[in-house]
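First to last, the protein sequences are chains A and B. Numbering that gives the first Met the number 0 applies: residue 0 is where the first sequence begins, and numbers increase by one. Numbering that gives the first Met the number 0 applies: residue 0 is where the second sequence begins, and numbers increase by one.
Hints were generated in silico from the structure; no laboratory data involved. Some clues are possibly wrong.
For the chain A half of the interface with chain B, some residues (derived, Cβ under 10 Å), not all of them [as the list claims (entries may be wrong)]: (1) Ala-63; (2) Leu-184; (3) Leu-271; (4) Val-281.
Think of the CB as a built atom: it goes at the ideal place given N, C-alpha and C, for glycine as much as any other residue.
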Amino acid sequence: MSTPLLIALLFLLTATAFEFGRRRALQVAGSEFRTLHSLPRYYGSFTALWCALPALVLLVAWLAFEDKMITNLVVADLPAIYQSLSEPELDLIINDLRNQLAGNVVSRELSPDMQAAAEHYGSLRATSKAALAVVFLSVAMLGMGLAWRKIAPDFWARNRVEAIVKVLLIICSTLAIFTTIGIVLSVLFESIRFFQAVPVFDFLFGLKWSPQTAIREDQVGSSGAFGAVPIFAGTLLISFIAMLVAAPIGLTSAIYLSEYSHPRFRAAAKPLLEILAGIPTVVYGFFAALTVAPLIRDVGTHFGLDVSSESALAAGLVMGIMIIPFISSISDDVINAVPQSLRDGSLALGSTQSEMIRKVVLPAALPGIVGGLLLAISRAIGETMIVVMAAGLAANLTGNPLEAVTTVTVQIVTLLVGDQEFDSPKTLAAFALGLILFLVTLALNVIALYVVRKYREQYE
Amino acid sequence: MMKTAAKIQASLKKRYAAERRFRSYGLVSVAIGLAALLLLFISIIANGYTAFQQTYLKLDVQFDEAIIDPKGTRDPQTLARADYGKLIKKTMRERFPDVKNRRDKRKLYKLVSPGAVFSIQGMVRKDPRLIGTTQTVWVPADDDVDMLIKGYINRDDPESARRLKDKEIAWIDAFAATGSMEKRFNKTFFTAGDSREPELAGIWGAVVGSFYTLLVTLVLSFPVGVAAAVYLQEFAPRNRWTDLIEVNINNLAAVPSIVFGLLGLSVFLNFMALPRSAPLVGGLVLSLMTLPTVIIASRASLQSVPPSIREGALGMGASQMQMVAHHVLPLAMPGMLTGTIIGMSRALGESAPLLMIGMVAFIVNAPEGPLDPSTVLPVQIYLWADTPERAFVERTSAATLVLLGFLVVMNGAAVWLRTRFEQRW
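Just chain B, same shape as in the assembly (with noise of 0.2 Å):
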């Protein structure tokens, strides 16, 4: 008996330390999963916030009547089509007067963005007595500058490793040193749609596009979903045939995302010919995508109504139909809400569905339908993902952002619309 208590007091000490090695295993696994959520927020919002900044030259821009109206008419066609790109080089030509060499002064002109004709033009065509006055614009720099001077352009690396040479790091200096250079909030990248020109591409066009594909998604999903989860809750008898439609549901609910898109791609748009790249198709395809997301969620939702509820609306003398409507489900809509904004949240986020029907191509403007093509936020953030330029990663970046944010908010009201109205009986 003395023998094998010993031999218990014996191995206690080690089996303490498994003990405690088991748990710290435990600790340390939580840890590096929290590890990894920190560095992946870390590395999006350290390349990110940048962004929201964009750099601006001051130019003194002499709006001249021979190069934007010789004749002298105001015609708007005339305005629309002036070379005021003209405008441009000539005022930077005589802000560096010593750049004598052609490829020099192309370089120079390239500190400007592309962007700044547009502005211009725009200042013109509104006010059309600008013209014959010198004006003090400011205008986006070329996103090259722009890096310069966020600092992903190291001045110290060898001058054939730069993007900006020597030369046109002494030209903007020259900017910076006059006060004629600053950074200000970047409102293009809120307004703007999409863009080859880093600095004058925006997120706008893909947040209508998400919109117009979210609200076809809830148009469709939320009141079919809610339909079908009354049925198989309220109505169904169990039998074969609604034992197949949940064993139907659940499986819908892990198949790959990449697949509806597939379903899409072949019946959306090659048998019903609806238009590629549509916000409507990727609706269609994502609200078949919701479904099952909505109809557990509202099947729960309608579960956790007591049945005394129930009986005692039939005791009423109401009829089944009735007792639905008039009680369990407006008790239920909280719960079936929550449901529902979380799944608009998981389509707001998925993109590899909307790859299939086309939601890739570039566009420039923002759709005026869910008939017009367009892209969405997360497919934004893949194409600028694939894109070179170091301007597009702050971009990708900031665009990430806005698209956590946009989850955030989802989440936050479906919490706050959980604690606020959900019932527990």
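For reference, chain A alone in the conformation it holds in the complex (with noise of 0.2 Å):
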């Protein structure tokens, strides 16, 4: 039976058991109902807790151990010959027989100790589902059977369920540690295996980045450079620049909407500016193709400056205006939590407005601005499709924005978008690079929340 069909029989058996266990402690109770310790559905909440939470533990065991065990049985009873096998190439042997079950064309013409093996494996796999549909409905039958059997007057099912019910909430919200805890593991894992492959020290301080590997020995450039130096500058002029644009902009803007404005007109104003948050990136990217990169080329043409198609300064800027939302909303909630009574004194001792702004309220809104701007630097930081599609590729190690440079972000997406061999160092250094990027904007992130959070007990 295959397994979504398996999923349905448990919801009608998980019905069922709620029903059965109403109806049993509704039925133990006889007329004398009063003595239940919990409200009928109660028991059948728990009878069906029961049925289900045991066979689906069991499935998702089953579906991720069951082609390990197969294999490996397979591989046991294979030949002695294939025994002595490197790993890939027992991976190969493997794959061919797959292939023969699937029915799909095989690279090679089958021994028949293969074609043996390859029904072996087919039967096992048979045998595993097959066994998989009685385990899994027996195991679904069992829980309900016992949970049937507890049922009585004095047990006490509403808190058994509650008790369930929570465990599962504190599941369910310490997903997001597994999910940290996952996404460090993979980036360390693989960028270790890089780091046997390139030391460490070449990667972060190298000068010279071209990721390519030797198929063959004595092909030229074989040898690849991974100093990642350049791309760490290009991340940097980038960032650098959309930052230029949208610090200055999205800081003067939350001043004028929440100092001056009318209300009416900031009303309509602020989310006209959010609708920018809100536009999703690969668009971005495009606009910045389409638009602004041939703008600013033309522009530059005619000042005759030589400006590279893919420019750092159109990238920049069009990063820059997909962060100035992100600056001005914080901006605008710094900025309101100043309290008034600070903004009445400046100007109770005659100030201008202006005045003010600038040397009352920006002075106490500072440091929450400044992580703001923090974490605004991170979002430019990690920002991946503007750059992909408007940001060069070559690895060049400037300072002009005229010139194309690459990002950490084009460089991740580049060595893994397509198909590669997964150990070569070239894939395994975009999860060097990616590491260096998870490090970079989490100690920004954390830096900004700290500095945030430290900001706002100040006037609370």
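With the hints as a guide, bring both chains together as one complex.
Given below as structure tokens:
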């Protein structure tokens, strides 16, 4: 039986279990149903949970380990010559067996032993499937039966059900931690493998990036250079341009909207600016490549400048536009948190409104604004689609915004998109870059959140 | 005393000028932001609106039995395999009998889209009685023709710089002069999957892929997010453990999306061996990414339910779980749904992590389930933006418009939910 069918059956069983449990509770209570500890539906829920949960856990575990177990069994039964093969070669053979079973074209003619192995593999799979169906359904029935037998007037069904639900809630809330651990482990493992091939020092401080690895031993330029400094420099350049655009515009527009503008103007302009934050980054990337980059190139040619069509300026400019609402909404929050009494005091001493803002409000709001800017920088560094579509691939070590540079995210995408063998330094380099990206943005976020929280407490 | 007053009087003019300057900086900044928004929309709409129409050519195709089914068996196999291209070529030759040169002939045939063959094949397979008759058929024109009609190929350019030569333009004009060419609503764009030929490419495959991906994301992130928020807000004791969870959630909300792609690649694809390019994996990655958004919004929504409701329920003898399930959760639900929709709309526009898990493949057919290889709308935009043909520029812009349309609908729904159901206490 297929997995979806099994799950559908489990649904039916669970519904039945609920009904059985409820009836059983009423039955054991007889006419004295007031003696029941909990409402009848809690007895139903208790039976249903015991029916569904163990079976589901079993299903997940079975599906996770089925493939590995079967493969091991098949390998163990292969003739001795195959046993001594290295792991990749064994993988190939297993792949052949699978293709043979699926009726696909097999890469080579299978020998009689292999045919036998394929049949063995197939029969094991069929057995596993049948066994899963039997075991799965019997576990569900068993759980239901056990729960059913426990039902008695003095059985505290509600407390049991609530305890189970609470455990489920706790599991859901810890998922965030598992996600973080998953991210750290997945990039860390591959990075460590990368650093076994390329020394950490060379990676962090090398000046040349050309992630080609040799197909043949004697190839020209076979060694591959993994010095990431040009990439870091490119990332910083584009982020710097973006912040140069976004910080002043975002900050002054937040000041204007919160301190000067008519409430009606604010009510119209603020949501409009926030639309900018809701536009998918791929749209910004397309906009940068289609409109902004040619525009900048034309303007540049007009002034006799040689502008690359994938200039850092275009990508940075568009990224800046994307970040404007981010900075303006955080600054807006922070400025509004400054107590009105500070403003009133300053105005009462005769300062003009702009003097009040510059000398009182901004200094008071500064920590929060700095936190917001840090968050914006981490956004800019991690932004992917705009730079993938509008910035270049070549790792130039330059500070000239009119030239093409590349960024960490662009390199991750180009190294990992497309079919590659997974353990070449080339693909592993992407994980090392990912590790750096994760650590840098994490540090920026932690500092920024800390600063913002600290600041908020100051006026509460 | 007088001196100070005079000093202030003298400086006032300057101070007021500074005041006005400062104020105008703010106004200019707001204006720049709005202008950027306007420019973005104008450039996409101006480039994209033409893609909703497509040039069609009228051909009088003779369904020659000798070509389609020489033996007269009407066997579906034969009908499927027949050389329908020949029919079109013949029609074109008859239309322009003075084209003799082989190279010119090939150019002539290329005015018709390769997709015309399939539409004629479809007609015959649907109704074999057409064989032997002559039918008037409207078939899509090649993308170059379409570009010329829409004015993207300039007739005044020197011939060598144009994709269409003088001869071809003359043929096209001949079509136009006899009324056998017109622009029609581009249905293909909404019903077809990806294609190398711009006139045959559509967004349907990507839309279905996005649908399955979002479905998986919703099914995973909404219940888990709500459950996590309920635990953290209603049950969790304040201790180190819950602090850790909270810090984690806040940090995850700010982790670059591409890092989630790396996680998906190494955990879901390499470790768990799930299928590449599948909406299931895309949905898993996106739900990890949207989970913090859902949790944060749900917690805010739970927090806004006044404590008196909780106390009332507890006072009536409800257990804590009953209080939450029967009273707090229903009241917080609109806010949770709003947050979820906003998270979903962000997931719909996300493409970077999906590039990592192989959803960038060239896939023609719409997926039939969450395990089929597919792509999603933003990734389709990325793929088309990379292609050199001029006709794909307008299709990219049009696909962008469709994506923005979906986002507007989703955000509109969120705003509606908030204004309609949200209670203020």
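Hints, one by one, checked against the model:
The closest approach between the C-beta of Ala-63 of chain A and any C-beta of chain B is roughly 7 Å, which is under the 10 Å cut-off, so the hint is satisfied. Taking 10 Å as the C-beta cut-off, the interface hint given for Leu-184 of chain A holds, the closest approach to chain B being about 8 Å. Because the beta carbon of Leu-271 of chain A sits about 6 Å from the nearest beta carbon in chain B, less than 10 Å, this interface hint is met. A least Cβ separation of about 4 Å between Val-281 of chain A and chain B falls short of the 10 Å threshold, and the interface hint therefore holds.
Of the numbered hints listed earlier, not one is contradicted by the structure.
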